[in-house]
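Taken in order, these protein sequences are the chains called C and P.
Under the working numbering, the final residue of the first sequence carries the number 162; numbering is consecutive throughout.
Under the working numbering, the final residue of the second sequence carries the number 800; numbering is consecutive throughout.
Just so you know, these hints were derived from the structure itself, not from any lab.
Ranges between beta-carbon positions, derived for each pair:
1) P:Thr-662 with C:Gln-68: 35 to 45 angstroms
2) P:Ala-492 with C:Ala-2: 55 to 65 angstroms
3) P:Gln-786 with C:Ala-7: 42 to 52 angstroms
4) C:Gly-12 with P:Pro-742: 53 to 63 angstroms
5) C:Gln-68 with P:Pro-135: 34 to 44 angstroms
6) P:Ala-492 with C:Gly-12: 51 to 61 angstroms
7) C:Arg-15 with P:Asn-208: 30 to 40 angstroms
8) C:His-129 with P:Gln-712: 30 to 40 angstroms
9) P:Arg-457 with C:Glu-9: 54 to 64 angstroms
10) C:His-129 with P:Pro-742: 41 to 51 angstroms
11) P:Gly-210 with C:His-129: 50 to 60 angstroms
Partial pick of chain P residues on the chain C-facing surface, computed with a CB cut under 10 angstroms:
12) Arg-12
13) Phe-18
14) Ile-19
15) Ile-29
16) Met-683
17) Gly-687
18) Gln-688
We put the beta carbon where it would ideally sit given N, CA and C, even for glycine.
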Amino acid sequence: MAELHVALEVNGEHREVDVEPRTLLVTMLREDLELTGTHVGCDTSQCGACTVHVDGRAVKSCTVLAAQADGTSVTTIEGLGQVGSLHPIQQAFWDKHGLQCGFCTPGMIMAAADLVARNPDPSEAEIRHAIAGNICRCTGYHNIVAAVREAAAVMRGAAASA
Amino acid sequence: MATDVLGAPVKRVEDPRFISGKGRYLDDIKLPGMAHLAILRSPYAHANIRSIDTSAAKAAPGVVAVITGADIPYNPLPMAWPAGGASGIQNNVNTPRALATDSVKWTGEGVAAVVAETAAQAVDALELIQVEWEPLPAVTDAEKALADGAPQLHENAPNNRVFDWQVGDRAATDAAFAGAEVVVSQRLVNHRLIPNPMEVRGDIGWYNPGTDEYTIWMSSQTPHIQRLLLAAFVMGVPEQKIRCISPDVGGAFGSKIYCYADMALSLFASRLVGGRPVKWVETRRESFGSTIHGRDHITYVDVAATRQGEVKGLRVRTLANLGGRLSTIGPGIPTTLYGRILSGPYKIPAVHCEVTGVYTNTTFVDAYRGAGRPEATYVVERAMDLVADELGIDPAEVRRRNFLPPDAFPYDNPSGLLTAVNGSKLYIDSGNYEPAMDKALAMAGYADMAARKAEARARGKLLGVGLSTYIEVCGVAPSKWIGAVGEGWGAAMWESSNIKVHLTGKVVVTMGTQPQGQGHETTFAQIVSHELGVPMEDIVVQHSDTQGTPFGYGSYGSRTSNVGTGAAVKAAAKIRDKARRYAAHMLEANVDDIEVEGAEYRVKGSPDKKKTLQEIAFALDLAFDTPPGMEPYLDETAYHDTDNCTFPFGTHIAVVEVDEETGNTELVRYVAVDDVGKKINPMIVDGQLHGGIAQGVGQALWEEAVYDDDGQLLSGSLLDYALPRAEWLPSFELDETVTPSPVNPLGVKGVGEAGCIASTAAVANAVNDALSPLGIRHLDMPFTAQKVWSAIQSAKGGQA
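Bound-form chain P, shown alone:
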């Protein structure tokens, strides 16, 4: 019998190809006759296009075609998630076209393209395209964009408003503030980030005139969704005529969920040039303007509390900068995925949140790792520290006084935060917050921090410690909650799995999910091995091609562990059920008398009468002898729609040292205790946490998208945008508590975003703690040396 590998730190089956240079990423693919596409992008953040002269470019060496927006008959890209969903609030929607036609709204929007024999020739020819521009005034900041007299981006969006959305209980919140013993208020900037997976995006579009079919290889988290969107909304091509393939994807972090202009453009280009495959791969600098950005909130938060630090009300007003046009689900992120978890792990009786979406002359903004939840966690975790600071109570103690107790679950937020507009409810499924915090406090030596601060100060360092007691929401949501009559994403959120047991007894699992480094080929093989008793080496997990995998919604929102595993477990149960029925036939027994252990199907009380799954598959796949009504073959597909989200939680603690002389901040320790329920593969879970923590630390300390007032992206290359480096980070100290989720059949929750959701707030709280002896109450991220040094200087000047 196969060893049970569920929960074991199994080495990844993906890795041999990646460590030996045999991965197959988009740019590694070469097709016969392939031409290359390059895109001319706007140098202006806001301008009208008066004319485009492509004649010189068309005559350049190697050029096959030059394309402008006027050539392309496709519709604008879809926007699939309006804020407010079925509540019917106004969303003033403007989305990109394959190429801009009349005007551009940010630096980097595509306006023309060249198809050439080589990639270099395509880039050379771009320089020969003459665009007559009419530059317009630009605005990049959400508050300035809403102000009177600001440059207007779109006729249908007065004052650059995309939407005004709200959630929670306004009356109860007003009442909580009216009677509050203490009110703490703060303006918080959650600055703009640029995702930067190490593999940039790209496409190879191929139109086959012989079949009238379109195939596109894309570095995407969502090949099935892209097929649907390109067919139904953009190209007007029947869905069965489009095939989408994601080869190995070199990281994504949300940035590869969406329907991008280049996808439609590369398919159009291939058709235009007679069916030659056309490859486009963005350069890194191009990526800074052509792939989505994340975050970019300005938030005003008010907290009503008692003098004992019990939070009674939370009022949040957020401006969400969504860029020059809307990305595929841009409005959904700062609304549903943000406002609805603003109370975190706390029992806050009254919450109200208003969000205004804003157009600015910047790259479009959409989900980036955590997607709304890091922003919400940042607000509530900074709020807890500000309450602690105001009242002189330890931040850990304030959290302890506000945690939902372990008997509160399933928890229905009283302000209706988790109730969709159609009344459908989510519940926080499970939680036990204090043990995780206590374990983290012990690991970090929290009780000794005062002595360590004194010791550091003697060395010229300001030591700070910061907590983040976060919750995560995995799964995005059940279809009925988020669907057309609910929160408004025009799509379901179930997931799919097909399992085939071939005649040789080998197992092929195909999934609708789409990995980008998470190790699905390993973890789903572990699950199916556990469910069917087949050794992992006899199982292959396939994904990423709309031809040959069941429709699925892809991987993001930490949904694969919750929803995808449910589909795989169900498909395996169907296989077991059919195998059991056929075993009864083979063994001439009643099906109720067949017991299953691993891959063995035995007659109860007659242990010698048994068949293995392999024997059953062999006979049933041959089908020489099947009972009436039974179809040949062990081949089952299952679709799983989760009833609820899963809610991982934990406590992260950052310890920083700020150099009082230079303002440089060093992360000296990082402790994380996470509860992600049962783990499919603890090694992979730790890896997800490590990477998420580093990304969140990156936001707090180094990463920032910076625009000048004209809309030029000053942090527009990896020379200027500071991604975390090995030298800047410590090793991380991880531990766990385990509270299995009642939602998922295996008790797993999900872990893809937890690290990133928790760590930004932990580091921000640590730096603010470090600076508090100087009288600094709050400093916005990122804590660059220049910013911290300036704050220290002005604080000291103020004291003098």
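Isolated chain C (complex conformation):
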């Protein structure tokens, strides 16, 4: 099968990859770029474990062909923040016990980061709506909601003091 050439920015770095046309963005991220923080939890675009940011918006990377990401800027969980420089959403998930097995967590954090970027002070209902496309089987969402509220407050505080 003829391969396609995809050039894009991933976590701030320019990357070029040759992929089969049918390759999903999530497969390219995990297999070709070895960014395994983005997970595959289903095959029907229901679970959201594969959520990344494409040009600043949360996208389920199993619903996008790698070829469609050509020319875009992709951020994965690895690019959002690392230990020592965690994003406030990552920090709040840790502080509020917003994860257990951790499998849905990267996608959940990326979805939450997208929400808080668009809505700096989300209500509980708005948070629950925003992450309704991300399934967590461990937490019952209780502490995830608490973590997102906490992170939003921290980010508002940081914005106010900036």
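Given chain C, put chain P in place with the hints provided.
Chain P only, in chain C's frame:
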């Protein structure tokens, strides 16, 4: 001295890797030369395999090998827990093979496999395998499968019966009913669920021809058990030649306890292709047929009571649908783990339970979070509400009149529910049920419910409130109770822990338990920090690899908190004991004069004469100066077999609003007061409860495995099987009472399944309460809008 962290809400040490994308789950592992395996699965629920033509697939691009069942010399998978254990009742056992050979018994059973260079090539080649099928009639419902003329699945199981099992006192129960003032009866369906941890299952099998050793990475709750089962029962390979590794496990909920066909298949495939590692990861849709399901009971319950609501007898008859073949411990779940706790927290003098296990053309059924206990809780908690409804007594009051009193413990059930077939007994270790219920009632504003129902009705909503005053059983059971002469699981149930204090004073703890999100690396570090006085940051907890951890039975049945902590506490005590003896040598004192506080070992009366654990470890690990008879190094292993289970309890209250117009049910409040004894980490305890509650609510309101009459799984993807979403749930209101368990050395009980055991019944009682003004006495779960709307329509039609 280190701050005592036992009981503190310590942030998890696991989390930095998970929140930054640095976890290492099975599918994240890439090995040099790794090939990929895909499995062709049966499209029929019941069929004979006439022939399999693999020639086209073998010629497909990238294909390394094509495998059918006839190629694989291994035995069928083991079934390790027959119903009835040593009582010797007949179990008609049929288990899967690595790949089916002659026939398939459910849609999704594996029949052939492809090994290819890439995962995509393996899947592509599956489509080229030609199977000549002989479709057979199928049956998916347990009652229909037992009926005359039903399709027969196995020659050795007439009428599709796996077993007939019973527990309790039949004569006493018959007598209770003979003299009963009131008898309430109901048929209850506890429908089939699909566990769906967010990480699906997978394996990487690797055979090394140079060493003749097999290594398998598996997403499993039980790596040590799998090594044992694969060696002793399936592959015929010596146990020391197999190594099992569970990397980070992305949730399990029981579904990753078992010995699965793909484990043997991936190891066989690696050997077949000359020792290349072979990875198989199920797709989510594949998982719906290849990983176990849970629950699926049809139960007939009769309750004998006085007019004052005192329950005098409980008679239960259950059909347990176990699927097309048996999973590893399938028969044990609806028997031992179900029938033996049917009396819940209540003083019910006479109980009798009969269970029939049934084969159907469905995916195999085994333990799913709670495993028998949610099913039992559902029966007894619905029964309490039906008694309350019949007698016009408040459901909380009925429960109050039947609770075991706080002086009843240790409690030996008079019907022998907790007595194993060899006479070995369990006791309900502790309990104090009314304070938990009273606290929950106050939190929920239970006294004001009538006014709130009226207010809701004015808005077109039927408000319902439901109680579940559950008990949980943690630990599975002591080995002697459940073992070969007892309840029949062919394994012990102790747990193990090794602690090493290295020369630098740093502590390495290895456990036989196996986390799947519970935070063991944090909680065991808290325990060892507490026991040894070493700060948590100087302790690492390791697990999950049969090479380097002591044999352990893994994590399920809420057993780690009870049994695993016992092992860690004992290992720490051995470390302290040896350190104390060596401190006496260093300080030239009598060992009896050495007192220990935290990490300090001091001579009584001479507080300046002291050594820290770190100093002791340094000297003893160097061993330049050891007393006669003392071995170098601080390195101790302990094995702990609990004397009894622990029995957490509590009261959960669900408040629902049913839309009278649409039938939609909304969970508007959820209150839970749980008593899990002493908490190692209250933050983690709350998290376990939250998740368990959501899973149980999911069963009550949305989740259901649905088969059509041909055995096709209609709810066979996440588009069709409704897992709980954030938007559908409220935040939960939690509180506690604390009754420490006398069984566990720390007073802890366990919490992994409590939420799930309690919440299904609470929500079911709430919905039935909401519908009761329409004259609806009982509706089975799940309370989908369609089902509730239909019930409302027929109730109203009946009134008209």
